[in-house]
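> Residue numbers (the working numbering), protein chains in the order written: chain A, 1 to 366; chain B, 1 to 366; chain C, 1 to 366; chain D, 1 to 366.
These aren't lab readings, by the way, just hints derived from the structure by calculation. Source: prediction; values computed, not measured. Each residue gets a CB set at the ideal place from its N, CA and C atoms; glycine is no exception. Treat the hints with care, as some may be off.
Keeping only pairs whose Cα atoms sit at most 30 Å apart, straight-line, the calculated DSSO-like set for lysine-lysine is [what the hints assert, rightly or not]:
| hint | chain 1 | residue 1 | chain 2 | residue 2 |
| --- | --- | --- | --- | --- |
| 1 | B | K21 | C | K21 |
| 2 | D | K168 | C | K198 |
| 3 | C | K272 | D | K198 |
| 4 | B | K143 | C | K21 |
| 5 | D | K198 | A | K21 |
| 6 | A | K49 | A | K168 |
| 7 | B | K272 | B | K49 |
| 8 | D | K272 | A | K21 |
| 9 | C | K322 | D | K272 |
| 10 | A | K143 | D | K198 |
| 11 | B | K21 | A | K322 |
| 12 | B | K188 | A | K198 |
| 13 | D | K322 | A | K21 |
| 14 | D | K272 | C | K272 |
| 15 | A | K272 | B | K21 |
In silico contact screen, one side only, chain B against chain A (beta carbon under 10 Å); selected entries [stated by the list, open to error]:
| hint | residue |
| --- | --- |
| 16 | F169 |
| 17 | P171 |
| 18 | G278 |
Stretch by stretch, here's where chain A covers chain D in the computed footprint (C-beta under 8 Å, at least three residues) [to be verified]:
| hint | segment |
| --- | --- |
| 19 | 6–17 |
| 20 | 23–34 |
| 21 | 71–85 |
| 22 | 107–118 |
Number of protein chains: 4
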Amino acid sequence: MAGSTYGTIFKITTWGESHGKALGVVIDGCPAGLALNEADIQCYLDRRKPGASNIATPRKEADSVEILSGVFEGRTTGTPISLIVHNTSQISKDYSEIASYYRPGHADYTFDSKYGFRDYRGGGRSSGRETIGRVAAGAIACKILLSLGITVCAYTRSIGPIEADLSKFDPQAILNTPTAMPDLSADKAARDYLETIKQETDSAGGCMECIVEGMPAGIGDPVFEKLDANLAKAIMSIGAVKAVEIGDGHQVAARRGHENNDAFRMEDGVVKKATNHGGGISGGISDGDAIVLRAYVKPTPSIFRTQQTVNQSGEEISINIKGRHDPIIVPRAVVVMECMTAITILDALLINMSAKMDSIVSFYHK
Amino acid sequence: MAGSTYGTIFKITTWGESHGKALGVVIDGCPAGLALNEADIQCYLDRRKPGASNIATPRKEADSVEILSGVFEGRTTGTPISLIVHNTSQISKDYSEIASYYRPGHADYTFDSKYGFRDYRGGGRSSGRETIGRVAAGAIACKILLSLGITVCAYTRSIGPIEADLSKFDPQAILNTPTAMPDLSADKAARDYLETIKQETDSAGGCMECIVEGMPAGIGDPVFEKLDANLAKAIMSIGAVKAVEIGDGHQVAARRGHENNDAFRMEDGVVKKATNHGGGISGGISDGDAIVLRAYVKPTPSIFRTQQTVNQSGEEISINIKGRHDPIIVPRAVVVMECMTAITILDALLINMSAKMDSIVSFYHK
Amino acid sequence: MAGSTYGTIFKITTWGESHGKALGVVIDGCPAGLALNEADIQCYLDRRKPGASNIATPRKEADSVEILSGVFEGRTTGTPISLIVHNTSQISKDYSEIASYYRPGHADYTFDSKYGFRDYRGGGRSSGRETIGRVAAGAIACKILLSLGITVCAYTRSIGPIEADLSKFDPQAILNTPTAMPDLSADKAARDYLETIKQETDSAGGCMECIVEGMPAGIGDPVFEKLDANLAKAIMSIGAVKAVEIGDGHQVAARRGHENNDAFRMEDGVVKKATNHGGGISGGISDGDAIVLRAYVKPTPSIFRTQQTVNQSGEEISINIKGRHDPIIVPRAVVVMECMTAITILDALLINMSAKMDSIVSFYHK
Amino acid sequence: MAGSTYGTIFKITTWGESHGKALGVVIDGCPAGLALNEADIQCYLDRRKPGASNIATPRKEADSVEILSGVFEGRTTGTPISLIVHNTSQISKDYSEIASYYRPGHADYTFDSKYGFRDYRGGGRSSGRETIGRVAAGAIACKILLSLGITVCAYTRSIGPIEADLSKFDPQAILNTPTAMPDLSADKAARDYLETIKQETDSAGGCMECIVEGMPAGIGDPVFEKLDANLAKAIMSIGAVKAVEIGDGHQVAARRGHENNDAFRMEDGVVKKATNHGGGISGGISDGDAIVLRAYVKPTPSIFRTQQTVNQSGEEISINIKGRHDPIIVPRAVVVMECMTAITILDALLINMSAKMDSIVSFYHK
């Protein structure tokens with residue numbers, strides 16, 4: 001099955017493995033006339049690069065993107081945009097050990113079950129490097145959204161027990177701290193925590209949050225193509241995410257109706273809400289308020305202590321994973337969440353253009 | 001946009017509004033040769049019917065299903081199965097008031113924003129009655145899964161502060177209690193709680209859980225069509241669901257790697273896991289263990305106390321909603337979760353048949 | 001596989017068999033705000049009804065359509081429109097004979113090969129009655145296109161050796177003659193021809209043509225979603241069609257370039273073409289000229305003379321088909337061609353709204 | 001809209017323009033375990049290369065394919081296969097003239113109408129070089145089909161007035177003659193004809209035919225996903241094709257039923273047909289006989305004589321096209337037809353695996 005294609009009108013197809021020649025993405029259905037160059041995309045890719053700090057893996061990955069098609073004289077032509085990132089730092093090491101057994105928390109066993117064998121080098125297609133294509137495509141989606149006055153911003157909400165204090169929200173901190181937290185003191189505490197975790201040859205989980213601002217009301221579709229349903233799929237498709245929520249999320253289960261309902265009110269002649277427990281979506285359709293999403297991410301499964309597992313011969317064995325692995329996935333996944341959200345939101349906006357007869361008639365009679 | 005179609009091979013299209021003539025579903029891509037009659041479907045529809053107890057709305061809805069096509073001499077033919085449920089108890093009442101304003105927590109405002117107007121009778125397409133088509137189709141998916149040795153079972157995990165004790169798991173209780181809880185003492189406590197809530201003209205949220213057993217390893221696809229991503233979409237598309245999680249879900253964010261990894265071990269010559277924190281899916285592909293899902297549901301937004309909102313003229317007003325409304329959504333949504341899970345799992349199984357060259361060659365050379 | 005769904009934004013799903021309880025269609029993605037009632041649809045269904053003349057089968061089929069959902073206070077709501085036509089004249093006759101063998105030119109053998117068995121009553125899903133859903137949906141597409149100034153008109157171009165003379169084109173004749181020819185003298189000649197054919201217990205083939213006028217330039221997509229490619233699929237999916245062509249069609253194979261190129265010229269400040277060999281589409285995208293399609297239809301396979309075939313036991317047998325069958329398919333298929341063309345054109349128009357950044361920015365900033 | 005993706009399970013996404021950096025294709029959903037290397041693909045690409053004779057353009061295009069992902073240790077892994085062909089011979093010439101006007105018979109005007117501007121270098125995305133991705137993907141589809149005992153073979157049926165005599169069918173001639181005709185004497189006559197055409201600064205049309213042998217019965221789906229409907233779309237999506245037909249095609253319109261019906265008969269215990277007017281498909285489903293398709297291709301629109309057109313300023317002008325252009329499209333399009341047919345057939349085979357309950361139960365219980 002073609003699992004590497006996402007979107008209806010703004011459709012992306014990613015490809016590539018951790019240790020193959022290259023990774024990339026084809027974006028088809030990008031509207032014509034968008035000013036676009038490699039720098040627009042590179043700055044997003046740089047946010048998912050490792051090596052920025054001592055909490056990330058010390059691998060050096062240049063991850064330079066090249067536009068191969070779909071842009072002419074600096075503008076998108078409406079035809080497929082092919083983007084490629086060559087793998088440069090993948091070392092030819094001995095994989096015979098890792099090839100023979102199933103690492104706990106990784107997709108080794110499930111890939112073998114499905115396909116009969118797997119590209120075991122660095123996780124192959126199930127590696128976090130798979131997200132390069134998502135981020136490259138998402139950079140374009142973000143640029144289009146910006147021209148519509150819509151911003152998408154994701155950040156680390158918590159790392160292990162350390163939670164960002166949103167009353168100290170500092171957007172620059174997201175880009176400048178190694179934790180991608182929007183709160184400098186939480187970032188400091190989280191780095192200390194991660195240092196301890198590393199010394200204990202362990203890893204940590206965390207939570208990331210994404211806010212969409214400037215969203216018009218009326219976007220998304222009822223029933224199966226609800227905007228929140230598509231966002232849930234988009235975010236849950238990011239490796240290591242185990243829970244997705246919108247607005248107040250899992251906390252609503254313990255609420256009463258009078259606490260959870262968002263009262264409508266008027267502000268400058270526009271319908272607004274007094275609160276935003278719903279997270280900006282009602283009945284699957286945006287209500288004009290900020291869209292608020294959260295994703296809970298498991299700890300990095302590769303830890304540097306002895307673990308129990310089985311090998312391909314069906315023997316129970318003890319293993320010690322080697323290599324370069326971040327003790328936490330969240331900080332590098334934040335930009336992936338931002339990009340998957342942007343792609344989903346943009347696709348819904350494009351689809352929505354044909355929702356009303358009035359719009360269609362005026363579009364074609366203009 | 002066509003938001004009412006779901007699935008790739010086993011594809012369902014639902015239709016109908018709360019107070020229209022009828023609701024229904026077309027199931028296309030159902031394999032040929034399945035024994036099927038209306039009773040197979042009716043027993044699932046009966047589980048979502050209101051009126052079973054004093055915690056559900058006192059409306060009487062027969063919701064009798066009729067098979068209009070796709071079944072011949074008691075077996076599915078492989079062509080579309082059209083199922084219809086006629087609306088019989090929808091009263092012609094005066095909707096002029098509800099038509100003029102936006103109920104907090106409902107999709108009135110977002111439908112108006114998207115489409116310019118709405119069918120305001122009983123929520124129209126955004127009503128919970130929309131799920132009739134999902135459940136009718138899901139009954140068929142469940143029957144097919146059963147013939148493959150796969151069972152899907154959903155139940156109420158919590159209502160407000162009352163949580164089911166799974167050590168007292170009683171599968172009959174799910175079907176026989178008004179709360180759909182698998183624990184008789186929690187059911188009793190929850191009913192008492194709901195009685196209090198009702199007297200306080202309020203409503204309650206809750207959590208539902210779904211377990212898939214008998215699942216083979218190797219089902220689902222990497223990247224965007226991960227099995228958990230599709231399940232997240234399927235479950236989040238159910239009205240009032242605000243969070244979806246797999247396995248240990250949002251709790252993984254506070255975990256350490258050594259606590260969260262599921263060690264592999266051998267059992268009777270088969271690869272198994274010592275724990276199931278991952279919820280039966282790794283890298284988007286099933287690992288042969290039970291699949292565990294959870295959904296968090298907001299309190300019923302229709303509460304019988306004064307609320308603040310705005311009307312279509314842009315005036316801030318106070319409203320008092322009347323009518324028949326459950327104080328909790330969860331018990332009737334449990335079967336919807338079960339059905340959406342079944343449809344998603346089945347579709348993944350059908351798609352998976354062409355994953356390996358070996359399988360294809362032996363299929364066509366048989 | 002779900003073969004009964006067609007379209008991307010304006011998406012239709014048809015269901016029903018020749019001798020089942022009913023047939024119908026769900027139209028999802030129809031824009032909101034279109035004035036619509038049953039009469040808008042019935043007039044199209046009436047054009048595919050038999051019994052209008054002695055060249056058509058003497059069956060009486062009321063084929064009255066009922067709108068079950070998606071229309072409120074006379075306008076489409078943007079949610080799925082479910083249409084149903086009850087089967088009323090299907091006689092319970094003895095099908096044991098037809099059930100046991102494979103009629104030449106019919107899909108009996110291929111359905112058995114695919115599904116293991118079939119609904120043999122009147123052809124089941126492979127019956128021409130399957131087109132009821134297409135025509136009901138197409139009536140809505142035609143109404144939307146009309147509001148955009150686009151007309152779709154199909155007619156019989158030839159029956160056996162009798163060809164319509166387009167210099168005598170009379171649009172009323174299409175609706176008023178039993179042959180659906182736009183030329184009264186050709187209609188007369190064709191009826192005489194068909195009378196002879198019937199007396200010889202034989203049947204005739206023919207050609208139908210469809211013209212789309214008022215089409216804006218720029219509609220359709222390059223590569224796989226070319227407008228002519230989608231039209232070819234739409235028309236070839238009509239039972240008994242064996243060839244589809246655009247513009248001058250198969251005749252271009254014998255042409256030279258200087259004869260076949262359409263020179264551009266200016267007319268009242270608008271780009272026009274001196275000729276229309278291309279049939280209004282170039283590179284898969286409309287050029288603003290009339291779109292011209294042709295479909296070649298095989299003779300009715302049910303003929304009232306002895307034929308050789310095999311039965312389900314693998315014995316070679318002689319058969320004599322009984323029942324009610326038109327000696328020609330074309331006149332009743334003309335409206336189906338018109339409807340499939342309209343649905344395809346409309347979907348392309350809706351998809352096209354997001355082709356350019358300019359359009360998107362002005363749509364959302366208005 | 002994403003017009004560059006084709007297929008449901010075996011899904012291809014092509015990208016690239018005539019004079020961009022590269023062209024390529026991503027094949028997603030290719031079954032795991034297929035032995036595959038670049039040579040398997042290169043031999044198909046070589047068949048669409050120009051420069052093989054004096055009837056083709058004298059451009060030299062290496063068109064060497066490189067596998068970037070999805071193949072590990074010589075076998076497909078089930079994840080996306082990314083293939084790239086770098087553009088090497090595209091000369092930087094002055095395109096200012098061609099940029100300013102609309103060439104008759106080309107997609108210049110329609111691209112400008114749709115997108116507002118176009119990549120005018122060598123036709124951009126509407127160039128015949130777009131088919132590189134189709135052929136590279138088709139080579140893989142053909143290899144899989146071969147392992148199922150299915151062969152797909154396309155050839156030139158006619159060039160201008162010269163028709164191949166199929167009684168002299170020589171499969172080697174298809175690969176060895178510059179016309180791709182399966183008849184050496186017709187090849188000779190056609191080459192003479194094309195020489196004359198070139199001297200007259202003109203171009204010629206032609207017809208290509210494709211035969212699929214070894215096809216099992218029962219493949220394809222009723223109604224909209226008929227196998228012939230999908231083939232019609234696949235073939236009509238090839239640039240310059242103006243008509244597509246199956247079996248006896250447009251000739252059936254002049255036939256009588258008794259001439260056109262294919263009688264069933266038994267052969268070695270298997271159901272066969274006495275004739276194959278239907279072209280191996282009935283009711284949209286394969287009948288086990290050879291599938292026979294034909295496509296009619298217009299003459300090359302670029303001819304070296306003065307033509308009338310308009311420029312972007314809306315002025316009527318005379319132009320003389322320069323450059324390197326084949327006087328006939330057909331011989332190089334034959335392999336494209338073969339590949340599009342193979343991709344379509346393969347996808348239908350993969351989809352068909354879940355048609356019957358029996359098959360599904362035995363697949364998962366094995």
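> Run every hint past the structure and note whether it holds.
Status of the hints after comparison with the structure:
no. : hint              : verdict
1   : B:K21 <-> C:K21   : holds (18 Å)
2   : D:K168 <-> C:K198 : violated (40 Å)
3   : C:K272 <-> D:K198 : holds (29 Å)
4   : B:K143 <-> C:K21  : holds (24 Å)
5   : D:K198 <-> A:K21  : violated (45 Å)
6   : A:K49 <-> A:K168  : holds (26 Å)
7   : B:K272 <-> B:K49  : violated (39 Å)
8   : D:K272 <-> A:K21  : violated (49 Å)
9   : C:K322 <-> D:K272 : holds (24 Å)
10  : A:K143 <-> D:K198 : violated (49 Å)
11  : B:K21 <-> A:K322  : violated (64 Å)
12  : B:K188 <-> A:K198 : violated (47 Å)
13  : D:K322 <-> A:K21  : violated (39 Å)
14  : D:K272 <-> C:K272 : violated (52 Å)
15  : A:K272 <-> B:K21  : violated (34 Å)
16  : F169              : violated (20 Å)
17  : P171              : violated (22 Å)
18  : G278              : holds (7 Å)
19  : 6–17              : holds (count 10)
20  : 23–34             : holds (count 7)
21  : 71–85             : holds (count 9)
22  : 107–118           : holds (count 5)
Comparing the model with each numbered hint stated earlier shows that hints 2, 5, 7, 8, 10, 11, 12, 13, 14, 15, 16 and 17 do not hold.
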